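Novice: First to last, the protein sequences are chains A and B. Using full-length UniProt numbering, read the first sequence as starting at 1 and increasing by one per residue. Using full-length UniProt numbering, read the second sequence as starting at 1 and increasing by one per residue.
Treat the hints with care, as some may be off.
DMTMM-like mimics (lysine to aspartate or glutamate), calculated; alpha carbons at most 20 Å apart, straight line [to be verified]:
#	chain 1	residue 1	chain 2	residue 2
1	A	K152	B	E213
2	A	K98	B	D209
3	A	K497	B	D38
4	A	K499	B	E39
5	A	K152	B	E132
6	B	K101	A	E331
7	A	K210	A	D463
8	A	K570	A	D545
9	A	K152	B	D209
10	A	K110	B	D162
11	A	K499	B	D130
12	A	K497	B	E35
13	B	K142	B	E105
14	B	K142	A	E156
15	A	K5	A	E323
16	B	K171	A	E538
17	A	K98	B	E164
18	A	K152	B	E210
19	A	K98	B	E210
20	A	K87	A	E59
21	A	K110	B	E164
22	B	K171	A	E323
23	A	K98	B	E132
24	A	K152	B	D217
25	B	K119	B	E132
26	A	K499	B	D37
27	A	K152	B	E214
28	A	K98	B	D167
29	A	K497	B	D37
30	A	K110	B	E151
31	A	K152	B	D37
32	B	K171	A	E320
33	A	K499	B	E35
34	A	K110	B	D167
35	A	K499	A	E436
36	A	K87	A	E108
37	B	K101	A	E323
38	A	K307	A	E260
39	A	K497	B	D43
40	A	K98	B	E151
Just so you know, the hints here were simulated from the structure itself, not pulled from any lab data. Just so it is clear, the structure is predicted and the values come from calculations on it, not from any experiment.
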Amino acid sequence: MQFHKYDVIIIGAGGAGMRAAIESGQRARTAVLTKLYPTRSHTGAAQGGMCAALANVEEDNWEWHTFDTIKGGDYLVDQDAAEIMAKEAIDAVLDLEKMGLPFNRTPEGKIDQRRFGGHTRNHGEAAVRRACYAADRTGHMILQTLYQNCVKHGIEFFNEFYVLDICLTETENGPVCTGAVAYELATGEIHVFQAKSVVFATGGFGKVFKTTSNAHTLTGDGMGIVFRKGLPLEDMEFYQFHPTGLAGLGILLTEGARGEGAILRNASGERFMERYAPTIKDLAPRDIVARSMALEVLEGRGAGPNKDYVLLDCTHLGAEVLETKLPDITEFARTYLAVDPVVEPVPVYPTAHYAMGGIPTNIHGEVLRDNDNIVPGLYAAGECACVSVHGANRLGTNSLLDINVFGRRAGIAAAEYALSRESHVELPENPAASVEAQVALALSEHGQERVADIRTELQATMDANASVYRTEDTLKTALHDVQALKERYAHISVQDKGKRFNTDLLEAVELGFLLELAEVLVHGALQRKESRGGHAREDYPNRDDTNFMRHSMFYKQGEGLTADIRMDFKPVTFTRYKPMERKY
Amino acid sequence: MTATAETVSGSRGSQPPVPDGAVTVTVKIRRFNPEIDDEPRWDSFDIPALPSDRVLNLLHHIKWYVDGTLTFRRSCAHGICGSDAMRINGVNRLACKVLLKDLLEKGDKRTTITIEPIKGLPVNKDLLVDMEPFFEAFRAVKPYLVTYGNEPTRERIQSVADRERFDDTTKCILCACCTTSCPVYWTEGSYFGPAAIVNAHRFIFDSRDEGAEERLDILNDIDGVWRCRTTFNCTDACPRGIQVTKAIQEVKRALLFKRV
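Next comes chain B alone, as it looks inside the complex (with noise of 0.2 Å):
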């Protein structure tokens, strides 16, 4: 296989009628199926669609009009899966969060948007990649609340500031964004990446949790927190806002001063 665009289209029967309003869109798409390639391609389809379809549409209409083969994850379709990070025009996005005319100059009648799969992790078919590397980096950093003694009959009692205190980081998908964008977990693979660290940073802020010390232990590894070089990749990746790079200096700064 060579790796050269070639503009695949209509393979598929009729297409679906072109709504008003819509524009030509060349997809070029990164594609590789390790049961008949030997390397990945690339494959390019010109579909048309509305400056209101999201990204994860315009894979649709390939996939069910034009090329069947074609392969990624998605589910929720708005953003709160998790499930189709992939990399959009060159920056990890969810394919579900990005709009089309986010992607467009005003009065462009054309464009074309390159999608690849998330990097840093194995590629299994086209833009779905082995996702187990990063769940066993999440599992790693004790993602639950620890506590030790009785537990109360009713509620643990937080402040509205103590609750706050963690907030950003309960928001977290698991979609991988960060982790991908991240040049350090691209040539480390063994670095725990940002996505482990926010999840352990939700529970070391959290004054009913009881096992910071445990976590940071663990981060003050070799693959941890260290790693990081701020260069807020991740933090310019999260679909959720999160503010990533924060999250991993407070972790940083937990455990030069020994406290949370």
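Isolated chain A, as found in the complex (with noise of 0.2 Å):
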């Protein structure tokens, strides 16, 4: 075991953590601990654009974006920190410009912006030109453009530590976050790291579902260590499906192309989305569109020979919008389905995409225990938080700016909360022991289930269980099926036993993080009898503000993957917008 001292860690090297890393790596001592490469994180898959009321080529201001995130989200959205977003949007967007991020230009010189869904002119009256972006790799450059600004503050990384575990100190005042452990790839030593202040910044889950633009690597790992720590996580029963995944694969085609003009159609060549969206049509939000799909696909007006997807016309936008504004989904759609966008529309279908849930925490990055206290010590953004800034359903483009909003607050929140501290609380007694034990667990002979067939049939129960529609049935054959694979995964063999670049074990040990979250996530939403956002249960198709106008809080009860998980309230913050019949 080697043991390390820092004033702040950060795990993860996304978009969140290096704009953390940034903040905090220029006040105080910081280390990002990060499974993967820091270029390989998802963010750079993100590809639409970042919002901000820039106004650089037609109207539009910060509360206008406020408002359509609250509605967006279906009015569970914590409307000060929403306000905080979409406020601090333009100088977050203006601040990655001067780190050297190569945005689209105007022909004057400015940065460029495009429509995308959801976001509008004074409250709803049009699609409103919001969002920043460099083609449609915005993510890449962002994730690009902070890496190299990591470079040149010579922020110190951990590349390929796996941290499997936080260590908590009690006190007389609760719990203290002290540090993390994590296990190194290369060598299958465990690191434990003592630190004032640990930020998790590891994103998201997606491989809970089997269609999905997520990378095999976003298994909800931060989320599962705080949920196995008692700690609570936050509405996990919101997980956003993106309209447009490639259908089959369900690879990500942004919605900057519907932005940039593009048309939803049936089988029969109908733009379907004026019927369910007369003004915005087909830039609705996403939960909407996905919806109005797989309802054309369900009442049989899909297309192809199985009728099972919609398609995506982009032919009237020319070759040459497609190969300078739209250059990477139009080879993605040639490379994986031979279809060329210019000549013929591309066959789409919901993508299971981006949890709106996660790790509570305040508008500082501060992580909750309950609904009142923090954790001192503890900070969370991106993905794997839930500020709450997207509610039940997050708006296009702005988990580009979450990352770099509130990454940015919890960098600084956590450097300055370190720095107020003259010395370091001790570490819990053996805080290396649960994670020796989980590795020493995993390698052992103790079965023969393989990894794989546990996580295909999750992903695959998922998919057919809990995805854009479900139902009470749905969600209890998904509920038996997860825990009938929670017991089998006690049983799992792990076959490489080295210590050297053990993948298969990082395997089996992120298949128990998914197996996890797939129970909260159902259980959350067996448990919300209501449709709201990207949560539409068919038998409870209205919104019930007078039961369920309130966050989900998770709580694990007990030790142990099969353990219960208790369920509570945490009521939803309001300032200045009443809730209202969500129409666009």
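Hints are included, so try docking the two chains, each in its own frame, into the full complex.
Specialist: The following block contains the structure:
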């Protein structure tokens, strides 16, 4: 075992982690621990843009952006947090530009902006051009720019260090975070990092689903670690399905395509979004578009030999727009489906994309241990966190915004807290014990279950029973399946027993987190007997503000993978927007 | 360990059902685990696969159902994260961007695919190499915007044409396909390599940047751009379609004429 001591450690090197590191690293002694090399993180897969009311191409202001975010989230958004995000969006974009991000430009040389789903002028009048973008690789440019600036500032990285636990020390005022424990992939060695502040920025858990835009590595590790410590997770039943995944594959095609004018059509060529969202049509928020697409297919209007997808028609945009503003998705369609968007419409269907819920934090990124109290020294930002700025449904581009605004805030808060503490709080006894036990157990001989089989079955039941539309019956099936898979997980076999780059072991550990989070998602979806944002219950088709205008909070009860889940609720923060019916 | 090919199959329990339209692929993989091997060896796996499968799917099939010790990096699986660069049938490619049908002759019912780690970087285990020397070269060229003086309150102004000037090199995902396809890099590990030069180019030709001279000085070094012999391997290898050799030539020209 090796021991390290820092002021701040940041877990994860995607957009939120590196944005935090740039702030923290200039103030306090900081290390970034990351399962992947920094430039491999899935921020790089984000395409369409990052919204900010710069008003570079038409009238806009941050108040409209706030409203759109709240309405887009079906009023489950904490309104104070949404206001901060929309206000700070402007500086967040300008900061990135100053760091070197090559945004596309207007003819005057300013940052160009394009339309995006749910972003409107004057509270819903029409789509507004708010998304700042770099072709259709905005996330790639953000990830590269942040890494470049980490290089510039000499940020210290521990690459391919897989954090498996955090250290909580009990004090008279409750638990305090004092460090983290990591497994070094290269050597199999365990490292204890003592720190005054720990920031989680570990991303999402899309791999609970089969059809997903998420990377293989997005297994909810950070959320899982926090949950296993008895700390809450918030709003986990709200999972976003992005409307335009390449049919059958789930690879993302940006909403920016529709922002540039692409149209969704059913088998007969009808522009069906006109029926579901008469004002902004194809640029309705993602939950609405995804449900509309699923309905078209369910009602027999799907395209293709099995009528199981719809078509994204870009043909009228012309080769030049596609090649210059949407080059990557044009290539994805050509490479993976052998469809050329210049001349033919692209088969698309909703793909599991983004967790609205996560580790509950306040607006400084401080992690909550219940509705009222924080865990001193523990922070979270980005997709793994729930501030909550996305409520029941995130608007497109607001995730790139979230990681920049709240990554920055968490980095500053973590560093300032660390600097305000004279000395490190003592670590708990045997901080590495549970990780050592976890690794030893996974490598020991105790069964013949294959990780891949359990994972495949998990993903199949989640796709079939807990995706765009849900019912009591499907969710009960999913819950039953997930619990049975958890039992089987106790008998997994890891074939690679070595210490060196043991990715077989890594996948087994990741599966444990996936199972844990899948159950929380399904549990929450069963309890929430209403339809709101990304959570659509066929048996409860309406929003129920009387009983469910509140955040869900999930706590693990007891030890082990099959322990129970306790559910609680947390009030939504309102400032100036009263809930209204959500129409577009 | 001998370097002979041995076909391994079914060593991990029952196999998943074979899909309709599958062909049989013999995947020959260069293996090396310094924990147990004295030298690299070849393993062969016969597995069923669909023509629409990515090579990454084949590797996953082997890892998940046949041999869990097979080791490689991967993440996004659609050519954006740059994790899974490897030598596939002798050329550098991302395993998630090569489809089996691209490697099949029309009508083939079986084929053989050879997969090796990218060359020029130390092999850590199987297809997984030590990326540190590669990232070290990247970090050495000051791959970030260098500016002096006060920052403007709003964004810096940049014309559409000036933005277009360096567009191509902003696409780089640091996968190392280019650098590890370069024969000069194979023999002279001290050469910065194409990827580092591409990333220097991205800033040298950015109208907002004021660090071009510092970077050109670095690249004028004995291990800099002059090592390039314009074999175009790098351009062929780039999964992002970047005109790598052209970018290197533009940096050379900037050095010769001392202007950007």
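Novice: Checking one constraint from the list: CA of B:K171 to CA of A:E323, max 20 Å. Satisfied?
Specialist: Cα-Cα ~14 Å, so holds.
Novice: Within 20 Å, alpha carbon to alpha carbon, are A:K152 and B:E132?
Specialist: holds (17 Å)
Novice: Would the hint linking B:K101 and A:E323 be met if the CA-CA limit is 20 Å?
Specialist: violated (25 Å)
Novice: Does A:E156 sit within 20 Å of B:K142, going by the straight-line distance between their CA atoms?
Specialist: Measuring from Cα to Cα gives roughly 16 Å; hence the hint holds.
Novice: Given the hinted pair A:K152 and B:D37, is their Cα-Cα distance within 20 Å?
Specialist: Distance ~39 Å between A:K152 and B:D37 Cα, so the pair is violated.
Novice: Next pair to validate is A:K499 with B:E39; report whether the Cα-Cα distance is within 20 Å.
Specialist: holds (18 Å)
Novice: CA of A:K497 to CA of B:E35, is that 20 Å or under?
Specialist: holds (11 Å)
Novice: Are the Cα atoms of A:K497 and B:D38 separated by 20 Å or less?
Specialist: holds (18 Å)
Novice: Keeping to a limit of 20 Å between CA atoms, is the pair of A:K110 and B:D167 held or broken?
Specialist: holds (16 Å)
Novice: Has the given pair, A:K98 with B:D209, been kept, meaning a C-alpha gap of at most 20 Å?
Specialist: holds (10 Å)
Novice: Sort out whether A:E320 lies within 20 Å of B:K171, counting only the CA atoms.
Specialist: Holds: B:K171 and A:E320 sit about 18 Å apart, inside 20 Å.
Novice: Measure nothing beyond the straight line between the CA atoms of A:K87 and A:E59; if it is 20 Å or shorter, mark the hint as holding.
Specialist: Distance ~15 Å between A:K87 and A:E59 Cα, so the pair holds.
When the structure is compared with the earlier hints, violations turn up for hints 13, 15, 16, 23, 31, 36, 37, 38 and for no others.
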